[in-house]
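Enquirer: Letter by letter, the chains look like this.
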Amino acid sequence: MLQWAFDTMLGFGLLWLAWRALNSSDLFKAIVLFIAFGLLMALAWVRLNAPDVALAEAAIGAGLTGALLLAALARLGAMTDQNVSGASAYPVPSAQPPAGSHFSRGLLILLLSASVAGMAYAIWSLPSYATGLSMDVAAHLDDSGVGNPVTAVLLNFRGYDTMLEMMVLLLAVLGVWSLGGLQQQPEKPVAAVLETLSRFLTPVFILAAAYLLWVGADAPGGAFQAGSVLGAAGVLLLLSGWRPRVRLMQWPLRLALTAGAGAFILLGLLTLLLEKQFLTYPVAQAGRMILLLESLATVSIAVTLAILFLSVSSGHKEKSGKGEKK
Amino acid sequence: MDGMSGNAWLPLMVVASALLPGLIIFGLPEEKVRLRTVLNLSGAFAKIFFTGWMLWGVYHGNSYEMRMAFLPGLDLVLRADSLSLLFIALSSVLWLLTTVYAIGYLENSPHRSRFFGFFSLCVTSTSGVAMSGNLITFLLFYELLTLVTYPLVVHRGTEAARRAGQIYLTYTISGGALLLLGVVWLYAITGTLEFSPQGILYHLDTTYHPALIAIFVLLIAGLGVKAALVPLHGWLPEAMVAPAPVSALLHAVAVVKAGAFGIVRVVYDIYGIDFAAELGVTGPLAMLAAVTILYGSLRALAQDNLKRRLAFSTVSQVSYITLGVAIVGPLATIGGVVHLVHQGLMKITLFFCAGNLAETLGIHKVREMNGVGRRMPWTMAAFTLGAFGMIGVPPVAGFISKWYLGLGALEAGEPWVIPVLIGSSLLNAAYFLPILHRAWFRDPPDSWPVMRDTARDFGDKETAWALLLPPVITALLALFAGLLASTWFSPLEWVQLIAQRAFYH
Amino acid sequence: MSSLLAIDWGVIAILLPLAGGTACVLWPALSKPAGLISVTGVVLAIAGLGWRIMENGIYRHAVGGWGAPLGIDLFADGLSLIMLIMTALVGLGISFYARRYFSPRDAVRFWPIWLFLLAALNALFLSADIFNLYVTLEMTGLAAVALTALTGRIDALGGAMRYLLATLLGSLAYLLGVALLYHDAGSVDIATLAQRIQPNAAVWTALGLMSAGLALKTALFPLSFWLPPAHASAPAPVSALLSALVVKASFYILLRLWLELFGDFAQGASMLLGLLGAAAILWGSLQALRQTRIKLLVAYSTVAQIGYLFLIYPLASAGNGIAAGMAAYLAFSHALAKSAMFLAAGNLMLFGGHDRIADLDRAVQRLPLTVAAFALAGVSIMGLPPSSGFVGKWLLLDAAMSQGRWDLAVVMIIGGLLAAGYIFKVLGYAFTQAEVPHDARAVPAGMEWAALLLAIGAILLGFMASEIFALIAVDLVVNADEAGTVWTA
Amino acid sequence: MNSAMTLNSLLLPGILCPLLLACLMGFRTTRALVLPLTPWAALPALIAACLLTPNEARWHFPGLLLGSEIGLDATGQIFLLLTTLLWTVSGIYARSYLRQSTRREEFYVFFLLSMAGNFILIVTQDLFGFYFGFSLMSFAAYGLIIHDRSAAALRAGRIYMMLTVVAELMLFVALVVAAGISGATTFEALRVGLAVMDPADQNLVILLGIAGCGIKAGLFGLHVWLPLAHPVAPAPASAVLSGAMIKAGLLGWLQLLPLGLIALPDWGEVLILLGLAAAFYGVAIGLTQRNPKTLLAYSSISQMGVMTMAVGVGLLMPHAWPLILPAIAFYALHHGLSKGALFLGAGLARSGDYRQQRRIWLGLWLPALALAGAPWTSGMLAKQLIKSHTLYAPAPWDALLPLLLSVSALATALLMARLLYLLRPAARSSAAAPVAGLIIPWAALLSVIALIPWWFTAAIDTSGMRTESVMDSLWPVMATAAITWIVLRLDSFRMLQPVPAGDILALWTRAFQRFRLPLDPGTFSAAWNTLQARMKIHLTGFIMAAKAKLDQTEDYLSRWDVALLYAIIMAMVAAGISIGFIGINTY
Amino acid sequence: MTNAFLYALAGSGLFVLGLHALVMHAHVLRKILAINVMGSGVFLILVALARRSGETTTDPVPHAMVITGIVVAVSATALALALMLKLAEKSGQAVLPDKHGD
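Chains as they are written, first to last, in my numbering: chain A, 307 to 632; chain B, 12 to 516; chain C, 872 to 1360; chain D, 4 to 590; chain E, 7 to 108.
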């Protein structure tokens, strides 16, 4: 009963935070609320017995996304000379008519209520007991080379998805780069406390990442979580004013970015050649191969996330570098 | 390409004889005049050669058919039967002449490679239209014809030409759309589109009859645009901004003929004339043709622009074909179908002549034609023959058509057609004879309104040979088509063969 | 030979552009050669795949060796194959165009993203797993948006922004549908789902979400609002890619879902899709007619042409077996024609420095190949014979007439007329002289030929209907004795 | 036989000669060569006509037109003789007459073409050849009529052309209907077919045939073009127009109508009445004329009236037709030659000094007397022949016709007297002297006229009318002389105002104008243009509004929020509508 | 009734809330937030319903899917933000432009 109440509270809390985040008068506040929302989501994941997702959410959904949003907001404020974090709720120029003016808001609310009701009914009508693919996963877990079923799915059963996902990440970087850099902004002096914090936290983050990566084989954790924690470390470093050396910017950076994707491609080709089957690991080598893949993916994910942050937060693409100490 | 018999390549050769030179010409640089001329003429001669071959073969009972899979359940079929050969023969001969004429007409003018390229494509599609063995093949070439004539219509690149092109397309593409709709509907009902002597519909249940009538209306509306049936004729007078060889081609060989030919095919080989009569669709079609005949002539009467007058005259004359087709009976059929050839010969003569006047003397209007017969006697002699043919004076070919139409009307018990024929002839006389009077009997002006931009000086000569010969030849052909109508090599004789096939199978 | 046949060409077709794209990231200087080699390789791979399918029937490859439903299956039947061929050929044409189009600086940006896009498309058309389809769809979307914004001009950025938001929303709606389907039937494998799925509230909701989401991504009227700004402002080769291939990706997914999952019990939604398709034809064509700039005109033409694709739904739901064939045909035809059109528009823009229709200024003489390309492609778009567009329209009309769908037939006919209106609007002005004649810049011959060859392809495809249907049919024959994986149209 | 065949076959080159020459006139190189030959163009045909053996000369050309039949019977030969003779004489006459003319070449071209048409229509026995010849002649004659380009000539030409076209078309319909029903292509078969035809069709064919040919033949009521056209043409052209070409209409009747096969009393009476009307009306109007050529034209109308009447009699009495036909043919010959001679003479009458004029004037007496039917002239013979056959006519006509014919002879004689009066030698001399080139052919023609009765008395059975005929033909001449003398004495002739040439044309014109008003192309197109302009305005407004609406709506639909709203609706409808459908299907 | 359904309902609520914001707000940043909230809603449904198999055995496949989804989401967010900034740099405002730039 208590759990029930907690879950209900959590559910409403999520909805309330989301509502506040989306409709707060102040963009800065909105983003902060969104980060809070993300943390609450992580809690929900835990409640849903999904620690892997919780980790990913905390690191990426709340942490990195939040950082990206904040950085973008800061840039936006500097760019449009508007006090975006100030009172102006809708930083819309007067020429733009307020959105939603073309139909009755009532209609929208009505439609949305109807659709939420419909969705609720659809969800409600689902059978209350279903195992999904859990039996299949359990049955083949032993052949997957890892003990954590989520990792098994991610890296083995549905490793192909993950491979494409690595491509999506790479693509995001390429996309951001292809926009061309933003105009260089004068570097703001970094708060001393942040510098101290980063100096303290970075090793912790690296350690945490290594742990997550390692433990991911059998317990919650894995490449994405590790990568995002590592990326968060990079973000912290970047926030504290650290910039990578020019030498590192070109192809070491590129190598790091493509490491995960490249590993997948090579492995794919290799398996295709040896096993005649795409991404089929020999059962004996599966664990090792997955670990290798995960390690490289971790590096790539971390670098990618950091680069994305860097691109959004400040400098020119050409001036950007990897936020990663090897 | 399944179903390729030993004789399959001849229809292809006829199509290719125009297509290949056309495609090569597109790639030729502007200044390669001689090569282009050689290509053009060799294509035209090749086409005549192959056509002659097939004529000989068909006359002796051979059949030529090329079949190739196109759509599920539908083949592309090129087949040479007697009707298609009639049209093919007409187009081959007139293509040759028009090519010669165009070479003369466009001497030293820009974009000739483009012009002749599309010109050849135009003939290609006409050949295809003629030899289509089923409605889908027909549709394909029919629409292709629309497309390849467009660049010819707007060839001059003026704003007026562009507008005329838009009008032309508005009509023809809309017509094509209606045709397509009709064809698809027909296919949905019958599952076949093959042309066959008794039509393909007679076995259908009577419950289909309303639909078949509607399809007929769609098909005729679609074809009627090109055949310039009132009220779908509006493009024809506008398209006369095109260069003279194009007008000649549009009016005599390709476009309007394709429409008229399509009507022939639909009435005889899709519906079957007996079945069409049973449906009761031929009567209204004949009425429509009659209205067109009179309306076209009436409008022609009021035109001062020579080519416009001729254009309205085409509106009127082409409907003779439709009229002949819509009257149920072998004699009317003969009259209608033979007019396909006769009108072609006569009208191309008239347009050639109009082109000569414009190109040589800069004459575009009827009222500028005073005394032009003295300056250009051969041109005007050809014009006179053509005009008399249009009126229906023997021995020019037009008389033969009218005669058979009249006989056919009586045979079919539709005597109302005769007043229509008479009215049309009367109006034809009313708009052609004043031209002849001006040209031959008025005194020429002090100077001719020679076009500034061409500034071609022909000196003592009437005009260039390449411009003069084609109209004279076509005029003579029109004359002999009538004068020697009963000889074995005349169009009439061939058409009688066709009518025999349609009625006494 | 048989060893060649044994190669998993499908996997190669995915991996090759991925490898090429990665190589571009590593060695930016080699972008162009890497790109061209990859694209050519993809063409060969697809050819191999096609060969394999014709020999062995449906292609199915269990990635990781697990097999559905636990693992992900790659799958290609006739429909997928035709989509893949379309992607490969159009991609090749556009690549050769892009070779000369982009400045070195832009080329570095273009090639890797394009290769990833190509890989995503191939993966998408080869996928038999609705979640995997989501990933490929997102990948396609992000790559497409990135390409759209490539010029960095303000209209391109605005277009890309709209496009991104729309595509993300569409993907999310789709993903929600995936979630519902998964939890209803316990699988994301299409074949497995097809066996298990029963009409119930969750499936209805999934149907609504997925069709709306995918319709949004396919720019089905009235959800086409994002398409014209995005497609018109992108660089020419990108516009061509977007219009020819990217919109087909989401369309393909929807069609797949319909053919295999929803078709039997979604007549109502089919009607809706058909209705919107009809509206799209009319509205897109009318808007195209209103445009004064070529690229916008062509973009609106895409809106209209997408409408034709959606007419398949009401016609197929009445039990017509050639729905897949029609879809494949129409999509392929449109891809060839529309890419040619956008490339031609790019040439005209390069040539005159603008794309105002009224000032084309004798392009027909000065840029004949390009105008020819535009015209030939236009013929196909109008649905006039002899072209693939005609064949596609014929198939649709035939189906409509056989089923007594007069309304749809009339809409198609009107659409064709309007298309003729806007195509010839451009062509007409290509003949005339502009009021203020201006100098023209040279257009590389390769770019003209790329456009022309694609357009010629659109025409020639019109003579290959039997081949296309043979491919679709091969697949049905093989399926007959392979129960369980049958999709029947 | 063989030699006869050879002689007969001269006909073909004779017919083709003018056509060939006309063609050769077209080439600049051959023109000079051909020009001197043109006056003689009709000569081969004349020779052929003389040497011909009637009924044996028959050729079948199946390939020509729709199957041509060329051949001549005795009647045809007479027509051919008349025609060729007149054309020959006029041709030679024209050579000198047009020596000064700048349009000589043009004249000859049309002259040759008309000639060819005229020959062809005589020698062909099939419908098509006849129709071809008829058309060729009719259209080419336009060139002869408007040769002067004077306002009167142009007006005459215009009216001639209109009526010609109408005639052509009437004839066309008559032929088509007749041929369509009977299946005939030759006149021989056609007449037979017509005889057995359904009365309605028969009447239509006959009506149109009579009217169509009647226009050419100057049938009463349709004659209006004749007095306008004949005077304005150059004399040689007038001669052939009035002498030869006018007979084409007559020949058309003879060919087309089922004469001798069945009795058509109604039509016969109609023709008799029309013929009589023309005979008197022509004289009455002609007497008022001051232009001798106009007068001659009216005389032609009057004379054609006589022949019309004779045809009418033939329709009444098929059994008598074999007798009537030669009479008509002879009358035609007589009239053609005389009228030709008069026109040519009229062209000469004002040249030279008084003495020369008087000589010519005296020459004119011969054809004038012949026309008046004076004794020992061809006229007498002709009139007697006609008159004798009218005696066989049924009830009122047998009495009435001979009487009326005599009166008509008197009338004609009066008209001739008036002509001679008008052409009497003038005191003042003309600058132009009569040249031999004009005189000789004319004189030759006169001698032929003079000789004809003597030739033909042998050929035609004239027994039984010899004795009284002289007296019978004398009295009109005598009476005329008396009347003339009185009139000249009274000098009241001068007061007579000429009836405008074309007399009832005004009626026609008025009728035509009333008819033409709504059909006037100018009004028609003006109304059309107004309508178009008005529609255009409305349409433009509508299109503008539609365009604005279109843009507005697109702006609306392009809004992010609106579009998303539709997306939501779509998702809901797609989900909901399917449930609805399943519901329908299930329950 | 397990908490699976509760969270799933919350998820659909989030989806709709996000949708509302996506429609109503003009500022691109808010739209991006809205997309993210919607995504979270979808993820929540996906994972929550996996709980139906019982307290102990959870279906790991949706978990993997959500992790994939989160990574995709962050990539998309980054691209969207970069695009927004670029747009703002060019146009001076971070709102969606009207129709097309003509």
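Treat the hints with caution; some may be incorrect.
Claimed, not checked - Derived Cβ-Cβ restraints for the label pairs, each shown as a range:
(1) B:385 <-> D:155: 18 to 26 Å
(2) A:513 <-> C:925: 26 to 34 Å
(3) C:1227 <-> D:539: 21 to 29 Å
(4) D:195 <-> C:1277: 58 to 66 Å
(5) B:215 <-> C:875: 49 to 57 Å
(6) D:12 <-> B:44: 50 to 58 Å
(7) C:1227 <-> A:384: 51 to 59 Å
(8) B:70 <-> C:875: 49 to 57 Å
(9) D:555 <-> B:221: 36 to 44 Å
Said to hold, decoys possible - Computed far set for chain D versus chain A, every beta-carbon distance over 12 Å:
(10) 99
(11) 187
(12) 544
(13) 578
To be verified - Cut-off 25 Å, straight-line C-alpha distance, at most; resulting in silico cross-link-like pairs (SDA-like, lysine to any residue):
(14) A:582 <-> C:874
(15) D:550 <-> D:530
(16) D:550 <-> C:922
(17) E:96 <-> D:558
(18) E:96 <-> A:512
(19) A:582 <-> C:922
(20) D:550 <-> B:178
(21) C:903 <-> A:560
(22) D:539 <-> B:185
(23) C:903 <-> A:332
(24) E:96 <-> C:977
(25) D:552 <-> C:1228
(26) B:376 <-> D:558
(27) A:582 <-> C:936
(28) E:96 <-> C:1225
(29) B:43 <-> B:475
(30) D:552 <-> C:1146
(31) E:96 <-> C:978
(32) A:582 <-> C:923
(33) E:96 <-> C:1237
(34) A:582 <-> C:919
If you're looking for bench data, these hints aren't it; they were derived computationally from the structure.
Quick reminder that beta carbons are idealized off the backbone N, C-alpha and C, glycines included.
Enquirer: Are the hints correct? Go through all of them and say.
Expert: Hints, one by one, checked against the model:
Checking the proposed 18 to 26 Å range against residue 385 of chain B and residue 155 of chain D shows it holds: the Cβ atoms sit about 23 Å from each other. Between residue 513 of chain A and residue 925 of chain C the Cβ separation comes to about 56 Å, which falls outside the hinted range of 26 to 34 Å. Between residue 1227 of chain C and residue 539 of chain D the beta carbon distance is about 27 Å. The supplied range of 21 to 29 Å therefore holds. At about 59 Å, the CB distance of residue 195 of chain D to residue 1277 of chain C agrees with the hint of 58 to 66 Å.
Between residue 215 of chain B and residue 875 of chain C the beta carbon distance is about 53 Å. The supplied range of 49 to 57 Å therefore holds. Taking 50 to 58 Å as the suggested C-beta distance range, the pair residue 12 of chain D and residue 44 of chain B conforms, at roughly 52 Å. The beta-carbon spacing between residue 1227 of chain C and residue 384 of chain A, approximately 38 Å, falls outside the hinted interval of 51 to 59 Å. Checking the proposed 49 to 57 Å range against residue 70 of chain B and residue 875 of chain C shows it holds: the Cβ atoms sit about 55 Å from each other.
Residue 555 of chain D and residue 221 of chain B have their C-beta atoms about 42 Å apart, which keeps the hinted 36 to 44 Å range intact. The claim that residue 99 of chain D lies off the interface holds: its Cβ sits roughly 98 Å from the closest Cβ of chain A, which is beyond the 12 Å cut-off. Look at residue 187 of chain D: its CB is around 83 Å from the nearest CB on chain A, clear of 12 Å, so calling it non-interface holds up. In this structure residue 544 of chain D is separated from chain A by more than 12 Å, as the shortest Cβ-Cβ distance comes to about 28 Å.
Listed as outside the interface, residue 578 of chain D is inconsistent with that label: its C-beta sits roughly 7 Å from the nearest C-beta of chain A, within the 12 Å cut-off. Straight-line distance between C-alpha atoms of residue 582 of chain A and residue 874 of chain C comes to about 12 Å, which keeps the hinted pair within the 25 Å bound. A threshold of 25 Å between alpha carbons decides the hint, and for residue 550 of chain D with residue 530 of chain D the separation of about 30 Å lies outside it, so the pair is violated. Under the criterion of a C-alpha separation no larger than 25 Å, the hint pairing residue 550 of chain D with residue 922 of chain C is inconsistent with the structure, at around 51 Å.
Among the hinted pairs, residue 96 of chain E with residue 558 of chain D is consistent with the structure: their alpha-carbon atoms are about 23 Å apart, no more than 25 Å. Under the criterion of a C-alpha separation no larger than 25 Å, the hint pairing residue 96 of chain E with residue 512 of chain A is inconsistent with the structure, at around 38 Å. For a cut-off of 25 Å, the pair hint linking residue 582 of chain A to residue 922 of chain C stands: about 18 Å separates their Cα positions. Proximity of residue 550 of chain D to residue 178 of chain B is assessed by CA-CA distance (about 20 Å); at most 25 Å being required, the pair is judged to hold.
Our distance criterion of 25 Å between C-alpha atoms is met by residue 903 of chain C and residue 560 of chain A, whose separation comes to about 18 Å. Taken as a hint, the residue 539 of chain D and residue 185 of chain B pair is honoured in the structure, with Cα atoms around 20 Å apart against an allowance of 25 Å. With a C-alpha separation of about 46 Å, the suggested pair residue 903 of chain C and residue 332 of chain A falls outside the 25 Å cut-off, and the hint is violated. Taking the CA atoms of residue 96 of chain E and residue 977 of chain C, the gap is about 19 Å. The hint holds against a cut of 25 Å.
Of the supplied pair hints, the one linking residue 552 of chain D and residue 1228 of chain C holds, its CA atoms being roughly 22 Å apart against a limit of 25 Å. Taking the CA atoms of residue 376 of chain B and residue 558 of chain D, the gap is near 49 Å; set against the 25 Å cutoff, the hint is violated. With a C-alpha separation of about 10 Å, the suggested pair residue 582 of chain A and residue 936 of chain C falls inside the 25 Å cut-off, and the hint holds. With a C-alpha separation of about 21 Å, the suggested pair residue 96 of chain E and residue 1225 of chain C falls inside the 25 Å cut-off, and the hint holds.
With a C-alpha separation of about 20 Å, the suggested pairing of residue 43 of chain B with residue 475 of chain B holds against the 25 Å cut-off. Using a Cα cut-off of 25 Å, the hinted pair residue 552 of chain D and residue 1146 of chain C holds, with the two alpha carbons roughly 21 Å apart. A distance of roughly 22 Å separates the Cα atoms of residue 96 of chain E and residue 978 of chain C; the hinted pair therefore holds under the 25 Å criterion. At roughly 15 Å between alpha-carbon atoms, residue 582 of chain A and residue 923 of chain C fall within 25 Å of each other, so this suggested pair holds.
Restraint check: the Cα-Cα separation between residue 96 of chain E and residue 1237 of chain C comes to about 36 Å, which exceeds 25 Å; the hinted pair is violated. Among the hinted pairs, residue 582 of chain A with residue 919 of chain C is consistent with the structure: their alpha-carbon atoms are about 16 Å apart, no more than 25 Å.
Hint violations for this structure: numbers 2, 7, 13, 15, 16, 18, 23, 26 and 33, all remaining hints satisfied.
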